[in-house]
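**Student:** Protein chains in written order, with the numbering used here: chain Y, 1 to 355; chain P, 1 to 355.
Since the hints were derived computationally from the structure, they do not count as laboratory data.
Check the hints yourself; a few may be wrong.
Intra- or inter-copy, both count: the list cannot distinguish identical chains.
Pairs of lysine to aspartate or glutamate residues, derived as EDC-like cross-links and limited to a Cα-Cα distance of at most 16 angstroms, are as follows [claimed, not checked]:
1) Lys189 <-> Asp284
2) Lys90 <-> Glu108
3) Lys90 <-> Asp352
4) Lys288 <-> Glu143
5) Lys90 <-> Asp194
6) Lys192 <-> Glu169
7) Lys334 <-> Glu8
8) Lys333 <-> Glu32
9) Lys303 <-> Asp95
10) Lys141 <-> Glu223
11) Lys334 <-> Glu7
12) Lys288 <-> Glu17
13) Lys141 <-> Asp41
14) Lys192 <-> Glu143
15) Lys141 <-> Asp95
As a plain string of letters, each chain reads:
2 protein chains.
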Amino acid sequence: MLILSNEEISKLLSVQECMAALEPMYRDVAEERVLFSPRVDNIAPNPHPHAYYAFKHMGGTWPAQGVQALRINSDVVTHPLVAGKPRRVKQPLADGRWVGLVLLFSTETGKLLAMFPDGVMQRLRVGATSGLGLKHLAREKVERLALIGSGWQAGTQLAAALAVRPFREVRVYSPRRETREAFVAESRKLHKVDIRALDSAEACVEGADVIAAATSSMVRVIEPRWLQRGVHISTIKTQEVDAEVLGRCDRVVMSNRRQTKHYDNVMQGTPNVKAESARGWWNDGSVKVNFPDLADVIAGRAKGRQSDREITAFLNNVGTGLQFAAAGAYVLKKARAQRAGTELPDDWFTEDVHP
Amino acid sequence: MLILSNEEISKLLSVQECMAALEPMYRDVAEERVLFSPRVDNIAPNPHPHAYYAFKHMGGTWPAQGVQALRINSDVVTHPLVAGKPRRVKQPLADGRWVGLVLLFSTETGKLLAMFPDGVMQRLRVGATSGLGLKHLAREKVERLALIGSGWQAGTQLAAALAVRPFREVRVYSPRRETREAFVAESRKLHKVDIRALDSAEACVEGADVIAAATSSMVRVIEPRWLQRGVHISTIKTQEVDAEVLGRCDRVVMSNRRQTKHYDNVMQGTPNVKAESARGWWNDGSVKVNFPDLADVIAGRAKGRQSDREITAFLNNVGTGLQFAAAGAYVLKKARAQRAGTELPDDWFTEDVHP
């Protein structure tokens with residue numbers, strides 16, 4: 001049983017490799033050769049001020065690679081206001097750290113093959129998925145990318161966009177100057193492209209061919225008036241757009257329309273938890289959610305962009321255990337070839353009694 | 001993060017302790033102070049002859065003890081015929097071993113507290129749950145217990161029954177002489193009671209006050225004609241009885257009527273898998289499944305046995321993650337006090353990035 005660290009995973013998996021690992025999985029999604037488990041969110045009381053406990057897990061079976069993944073998050077969540085807008089913030093109460101884990105099992109022997117923290121892979125698969133959306137939905141010829149958000153997710157959104165389109169300029173906005181400037185400084189080291197931070201969202205999106213949101217916002221961050229002919233917008237959270245924004249789009253593709261969600265809590269009526277379960281347009285009937293998904297587009301069952309004038313949107317609407325199965329199977333192979341990680345005795349994770 | 005072995009758990013948890021750990025959890029179930037996760041079964045192809053891969057998980061949040069449990073089974077399953085009847089048999093393909101794991105998390109910090117194989121606890125919580133059913137449903141005065149089955153589950157069924165009622169005789173039947181005699185020899189070492197193996201199920205159940213099935217049978221093992229006035233019957237698998245048997249009962253209690261199940265497979269039409277998903281009376285409408293459950297009875301919201309003449313049944317119909325949360329929280333406390341188990345670095349199971 002192989003233990004991998006976030007650091008090891010970041011050395012083993014690039015956003016390009018992650019896209020290459022995800023693409024055949026999405027084809028198998030379209031062919032119904034995979035299994036989703038329902039994504040489960042359990043919400044329970046927690047003694048931390050204004051916090052609740054959230055236990056989330058999502059599974060994915062990918063027979064073609066003989067792998068079963070289960071991703072687990074055990075979080076203490078708060079919703080502080082940042083620059084006047086509520087965010088979803090996980091508190092690092094596990095000795096100053098967070099708890100997200102991926103478990104990979106073999107569908108051939110049943111064995112637990114590997115365990116690793118989810119953070120680095122989580123960010124790569126979100127970026128890679130948005131990148132695959134962008135590849136099929138953005139115009140071929142692009143100049144400028146506008147990035148709304150400069151936190152943990154923004155880095156892979158940027159890397160994936162640059163991997164699939166030859167952007168010449170990147171403009172970044174997020175509410176806190178310090179954060180966005182640090183992000184820009186860091187990104188300049190990684191990418192040979194003109195990257196600048198701007199003081200307002202309006203200035204950031206002006207003339208952009210692609211507007212990519214990468215925030216933890218609980219409310220809309222892309223304004224309807226920004227959507228000009230030919231633009232592609234991209235979100236990593238359904239709350240980043242709303243019915244008005246989607247109403248202006250000619251073509252919308254979701255990352256996944258097959259993943260069911262099961263949401264349960266023992267704290268009905270608690271304001272934070274209400275905000276959590278309120279998914280806006282996603283649930284309130286204001287938008288008919290019957291968009292095709294990435295698997296349909298990759299398998300050629302739904303269309304990507306059809307003209308330079310279309311306004312397109314890619315909604316990275318829900319994570320799936322299958323993304324971790326695909327990226328995980330790739331990382332595991334590479335880790336074994338390179339003898340990376342820490343091997344623990346298999347006997348600790350198997351048993352000699354028929355359970 | 002504490003790793004415990006089956007051997008350590010068997011030293012830390014008796015069936016009596018397990019019953020004591022489960023009882024307050026069941027009261028919280030009745031008061032809706034707990035959360036179930038849907039039990040998920042994913043079925044996928046496996047290269048072993050006549051086998052399929054089954055990935056199962058079930059979660060349970062018990063805020064009163066600050067614990068979140070997730071039990072995971074990663075099995076290769078076959079349905080061989082034993083003495084002419086089909087059984088569900090998990091193949092030990094993980095280097096000759098099986099894969100079932102329990103993960104315990106803290107709902108206060110999010111931390112993964114412990115990981116251990118499920119086998120020993122699985123058997124204890126099944127026994128303890130049937131024992132709690134028996135405590136509320138069997139007559140106070142009993143003489144003879146009939147046990148149908150002598151495999152892995154039979155031992156804790158026996159121990160739990162003896163813990164809650166003063167049986168003077170135990171009769172055991174299972175199809176294979178060798179197995180049942182070995183079980184009887186082993187049980188005689190553990191319990192000071194007259195225990196004998198019999199050659200037929202008929203002889204075994206004759207004059208029994210309680211008939212407890214503890215098999216892996218996919219078909220009925222308790223015959224309707226066996227149900228005389230005052231008897232209590234007990235099952236650990238819904239297939240062990242059918243509509244005809246239940247039709248003869250005056251009072252039926254389930255272990256759990258709140259746990260939802262989610263069943264999915266990529267092998268529709270495969271005979272074994274069809275047998276797996278066919279749950280007989282449970283799903284076919286032949287019995288209206290509106291029996292109260294153990295939580296109702298323990299909390300005083302439903303009645304246990306009301307007279308010596310009633311025929312009662314306890315259906316241990318579905319396992320829950322909450323049983324592992326309750327038994328697990330108890331074992332963890334005791335293990336820490338005794339410094340049992342193997343501590344692994346917490347850093348392997350936490351991360352310094354916001355996932």
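**Student:** Since the copies are identical, ignore which copy is meant and state whether lysine 90 and aspartate 194 lie within 16 angstroms (CA to CA) inside a copy, between copies, both or neither.
**Tutor:** Cα proximity of lysine 90 and aspartate 194: none, with 33 angstroms in one copy and 58 angstroms across.
**Student:** Regarding lysine 288 and glutamate 17, is the shortest C-alpha distance of 16 angstroms or less found within a copy, between copies, in both, or in neither?
**Tutor:** Answer is neither: 34 angstroms inside a copy and 53 angstroms across each miss the 16 angstroms cutoff.
**Student:** How would you classify lysine 90 and aspartate 352 at a CA-CA limit of 16 angstroms: within, between, both, or neither?
**Tutor:** between (39 angstroms within a copy, 12 angstroms between copies)
**Student:** When Cα atoms must be at most 16 angstroms apart, do lysine 333 and glutamate 32 count as within-copy, between-copy, both, or neither?
**Tutor:** Neither. Shortest intra-copy (24 angstroms) and inter-copy (45 angstroms) distances fail the 16 angstroms Cα cut-off.
**Student:** Give the relationship of lysine 90 and glutamate 108 under a CA distance limit of 16 angstroms: within one copy only, between copies only, both, or neither.
**Tutor:** between (36 angstroms within a copy, 13 angstroms between copies)
**Student:** Give the relationship of lysine 303 and aspartate 95 under a CA distance limit of 16 angstroms: within one copy only, between copies only, both, or neither.
**Tutor:** Classified as neither; 48 angstroms inside a copy, 47 angstroms across copies.
**Student:** With 16 angstroms as the alpha-carbon cut-off, assign the pair lysine 189 and aspartate 284 to within, between, both or neither.
**Tutor:** Neither: 43 angstroms inside a copy, 64 angstroms across copies.
**Student:** Pop the pair lysine 141 and glutamate 223 into one bin, within, between, both or neither, using alpha-carbon distances up to 16 angstroms.
**Tutor:** neither (23 angstroms within a copy, 75 angstroms between copies)
**Student:** Within, between, both or neither: how does the pair lysine 192, glutamate 143 come out at a Cα-Cα threshold of 16 angstroms?
**Tutor:** Intra 14 angstroms, inter 84 angstroms, cutoff 16 angstroms: intra-copy only.
**Student:** Indicate which option fits the pair lysine 192, glutamate 169 if close means a Cα-Cα distance not exceeding 16 angstroms: within, between, both or neither.
**Tutor:** The answer is within: 10 angstroms in one copy meets 16 angstroms, while 83 angstroms across copies does not.
**Student:** Measure nothing new, just compare the shortest in-copy and cross-copy C-alpha distances for lysine 141 and aspartate 95 to 16 angstroms and report within, between, both or neither.
**Tutor:** This pair counts as neither: shortest intra-copy Cα distance 48 angstroms, inter-copy 54 angstroms.
**Student:** How do lysine 288 and glutamate 143 come out at 16 angstroms by Cα distance, when the copy is not named: within, between, both, or neither?
**Tutor:** Classified as neither: same-chain Cα gap 33 angstroms, cross-chain 65 angstroms, threshold 16 angstroms.
The structure does not agree with the numbered hints 1, 4, 5, 8, 9, 10, 12, 13 and 15 stated previously, though it agrees with the rest.
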